[in-house]
Amino acid sequence: MDSRSFDRQFKDVRYSPYTLISIDAHGHGETTGRDEKFTFWDTASDSLQLLTKLGLDQFYVLGTTQGGYDPALNCLFNRDATDDKLDEINIPALVLHGADDRMFPAQDAKEWSSKLPKLWKFEIVERGVHQLSLTEPGDEVVAQLIPQFIKETL
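Residue numbers (my numbering): 322 to 475.
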């Protein structure tokens, strides 16, 4: 995911009470230094290292699709299964999904998110597509629900 994917959130006054940090995931934006294969776990590990280096011990993670053709192929063919561990995620979660997402059916998201023990809310955004934070009407739903989620779960 390219860090510019969240430019709308950085400019939205509803996020002004929060410190926002955006990163370029491997193979996206302006990342360098990693030409070999990588997994989602590598990106997660690198993100955690960054948060540790910044001294942040409490934070929220906002994520969207892991875009890009090569990483998508890597995930399809070298996939790390995580569905069996969803019930171990013991933190509040907000899951938003576009009804018109052509890459991943909303029903699939509803199924896996139902396994999250602290699911705060699951919402299917009508007319929403794959990258909600980048497109209408998803960007407005994202802008309304994320600050509310943070306030209620902080």
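Since the hints were made in silico from the structure, they are not lab data. Be aware that a few hints might be false.
The calculated lysine-lysine pairs, modelled on DSSO-like cross-linking and capped at a C-alpha distance of 30 Å, are [said to hold, decoys possible]: (1) 439 with 406; (2) 332 with 358; (3) 431 with 374; (4) 472 with 431; (5) 406 with 442; (6) 472 with 442; (7) 431 with 406; (8) 332 with 442; (9) 442 with 358; (10) 358 with 406; (11) 406 with 374; (12) 472 with 436; (13) 332 with 436; (14) 332 with 374; (15) 406 with 436; (16) 442 with 431; (17) 374 with 358; (18) 406 with 332.
Now the hints, each set against the structure:
With a C-alpha separation of about 14 Å, the suggested pair residue 439 and residue 406 falls inside the 30 Å cut-off, and the hint holds. Using a Cα cut-off of 30 Å, the hinted pair residue 332 and residue 358 is violated, with the two alpha carbons roughly 34 Å apart. Restraint check for residue 431 and residue 374: the C-alpha separation of about 35 Å exceeds 30 Å, so the hint is violated. The straight-line distance between the Cα atoms of residue 472 and residue 431 is roughly 24 Å, inside the 30 Å bound, and the hint therefore holds.
The straight-line distance between the Cα atoms of residue 406 and residue 442 is roughly 19 Å, inside the 30 Å bound, and the hint therefore holds. Straight-line distance between C-alpha atoms of residue 472 and residue 442 comes to about 14 Å, which keeps the hinted pair within the 30 Å bound. Only pairs whose Cα atoms come within 30 Å are accepted, and residue 431 paired with residue 406 is accepted, the gap being roughly 16 Å. For a cut-off of 30 Å, the pair hint linking residue 332 to residue 442 stands: about 25 Å separates their Cα positions.
For the hint linking residue 442 to residue 358, the alpha-carbon distance of about 34 Å lies beyond 30 Å, and the restraint is violated. Of the supplied pair hints, the one linking residue 358 and residue 406 holds, its CA atoms being roughly 24 Å apart against a limit of 30 Å. Using a Cα cut-off of 30 Å, the hinted pair residue 406 and residue 374 holds, with the two alpha carbons roughly 27 Å apart. Of the supplied pair hints, the one linking residue 472 and residue 436 holds, its CA atoms being roughly 23 Å apart against a limit of 30 Å.
At roughly 33 Å between alpha-carbon atoms, residue 332 and residue 436 are farther apart than 30 Å, so this suggested pair is violated. A threshold of 30 Å between alpha carbons decides the hint, and for residue 332 with residue 374 the separation of about 25 Å falls inside it, so the pair holds. Of the pairs offered as hints, the one joining residue 406 and residue 436 holds, with about 9 Å between alpha carbons and a cut-off of 30 Å not exceeded. Straight-line distance between C-alpha atoms of residue 442 and residue 431 comes to about 11 Å, which keeps the hinted pair within the 30 Å bound.
Between residue 374 and residue 358, the direct Cα distance comes to roughly 24 Å. Compliance with the 30 Å bound is thereby established for this hinted pair. With a CA separation close to 35 Å, the supplied pair residue 406 and residue 332 exceeds the 30 Å bound.
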